[in-house]
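Novice: As they're listed, the protein sequences go chains A and B. Residue numbers for the first sequence, in the UniProt record's numbering: 1 to 281. Residue numbers for the second sequence, in the UniProt record's numbering: 1 to 307.
The set of hints was computed from the structure by calculation and includes no laboratory data. Incorrect hints may have been included.
Here are some, though not all, of the chain B residues that point toward chain A, as calculated from beta-carbon distances under 10 Å [what the hints assert, rightly or not]:
| # | residue |
| --- | --- |
| 1 | Gln15 |
| 2 | Leu34 |
| 3 | Leu37 |
| 4 | Ile99 |
| 5 | Thr115 |
| 6 | Ser124 |
| 7 | Pro125 |
| 8 | Ile152 |
| 9 | Gln210 |
| 10 | Arg213 |
| 11 | Asp243 |
| 12 | Tyr266 |
| 13 | Phe293 |
| 14 | Ala298 |
Note that the coordinates shown come from a computational prediction; the quantities given were computed from them, not determined experimentally. Backbone N, C-alpha and C fix where the C-beta goes; we use that ideal spot for every residue, glycine too.
This is what each chain is made of:
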Amino acid sequence: MSTQTKAIISWIVTFIVMLIITMPGLWVILSGFRPLQEILAKPAIWIPQRLTLDNFYAIFGIGETQIAIPVLAYFRNSIIIATTSTAIAIIVGISGGYAFARYRFKFKDTLFLGLMLSRTVPGIALSLPVFIVWARLGWIDTQFGLILVYVALNVPFTIWLIDGFFRQIPKELAEAAEVDGCTRWQAFWKIEFPLAKSGIASAGIFAFLTSWNEFALASNLTRSTNSKTLPVGLTDFIAQFTTDWAGMCAMAFIIIVPALILTFLVQKHLIAGLTFGGVKG
Amino acid sequence: MSVMTNIKRKLFSEQATPYVLLLPAVIMILIVVLFPLIFSLYTSFTGYKLTRPDTLFKLVGFRNYVRIFGDWDFWVAFFRTVGFLAVVINLEFLLGLGIALLINKITWGQRTMRTIMMFPMMFSPILVGFQFKFIFNDNVGILNNALQGLGITEAAIPWLVDGWLAMGAIAFAEIWMSTSIFAILLLAGLFAMPKDPLEAAQVDGCNAWQTFRHITLPFLMPFAYIAMTIRSLDVARAYDVVDTMTGGGPAGRTELLWTLIARTGYDSANMGMANAMAYVSIILSIAFTYYFFSKLVAARRYMGGAL
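Just chain A, with the same shape it has in the complex:
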């Protein structure tokens, strides 16, 4: 085989692989903009004839066709819960990550392992006792209850990532600042933190996505518009005998867009963080 045929073959294979990776998601997103008759048409209409925002009007309760699903409230809950839990997880993560990156102390490895192991507990297994305890404390169906869970869910991973980012910054920088008369806190705040900032931001986005996308715990700890998040709300569209495919596709679009934007913003740091945190650990 000549090098040229080889190159052409690898291009074709790559193209097919990329198609498989993107098509299922794009199909759902696109369907959100198509009228229901067209989505369900047989034989399938492959090239959209008409694009419309009707599905979005319907799920947000604007216009004639209304759906009795409070998507706006779910959206608000999702935003509040994901941002608050991310902010707290980041602060806790910086504090913990810095400790692991810069200090030697007793039980360091044990603590690290313990934190990581806490992350391995399957959401559904954790949801059982949390459900019972939260019910006794009156935290079921509250935003606070879910925020608390998500902070704990995110802390191990944020610590792991942030630890990796601090490790990449030479210790000598902060030490030099301390020699020049900075306190340890000033050295951290003025030298190390700005250098790790973009890494910390990507850890934050990772945490945000985890909270934004989580389902197993949310579906059992929420009940109503008080605290139901978008992923839980998505299942509202599945009634016993019918499924509102058009509405679901529109809602899928709403869930995916923030995630899409955020991931594109930090993809480079994310890859660097995962690789360094793991290999150099």
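Starting from the known structure of chain A, arrange chain B on it as the hints suggest.
Specialist: Frame of chain A; chain B shown alone:
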């Protein structure tokens, strides 16, 4: 007074700093994970039913465990889960390796490809489940529509109704969702790879396969194990996918350990029993993570600080 200053000095001393810094993290984990897990261990020894709160204090010893270990349905779900994970993770590794090698060969557009590869990672597992429920739907799904439209099949294939087909569809969804993690990390490994050993191998007369087998692959293994460790942290996300696609049906033929736990705990309100099963699933998850993590440590050692 002196006691207070003493405590203060201790708290701000150099030795105490890391512990103080870690305190918030530890407290969070205690409240949300450790304490509930201890409670759940206790619950697994009671006959607790959600509908009858007083049963929380009715200790039954090992009865829940004896019962689940003697239950055929539990073992079926257990081995189905283990088998599912083994198949899915191995396929993800192989496919991820293939994609990484493919993209590494391509001379331009690498960055775009890498970005495209991240696409499935943004999808919430619940969305992945819904998406493939839509695509594999026997009536309105595009897959059947396409197959029938092209004249490949006459009748609609009941993708999510037949047990084996449904399991395959779920595995496909799971692989679609997670192969990127492997591909991206293995690609990062390929980028980080020094060129000298490859050239040396060529000079020594190794063929392409030998070079790959003895130089590229050992170098990539730590990256593969990072991906597997990350992956093993959230294997239970498959719950979301299965729950939306089939709900464990038809007739329990796609029931995994996690959907069985949810059904026992919430639908049948049998919390004691569900917690006993949950413990089995927790140990399974920890075993998976521990296995891959120790492989990672060993692979790192094998590379001898080359990284």
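Novice: Of all the hints numbered above, which does this structure not satisfy? Sort the numbers upward.
Specialist: The structure breaks hints 8, 9, 10 and 14; every other hint is satisfied.
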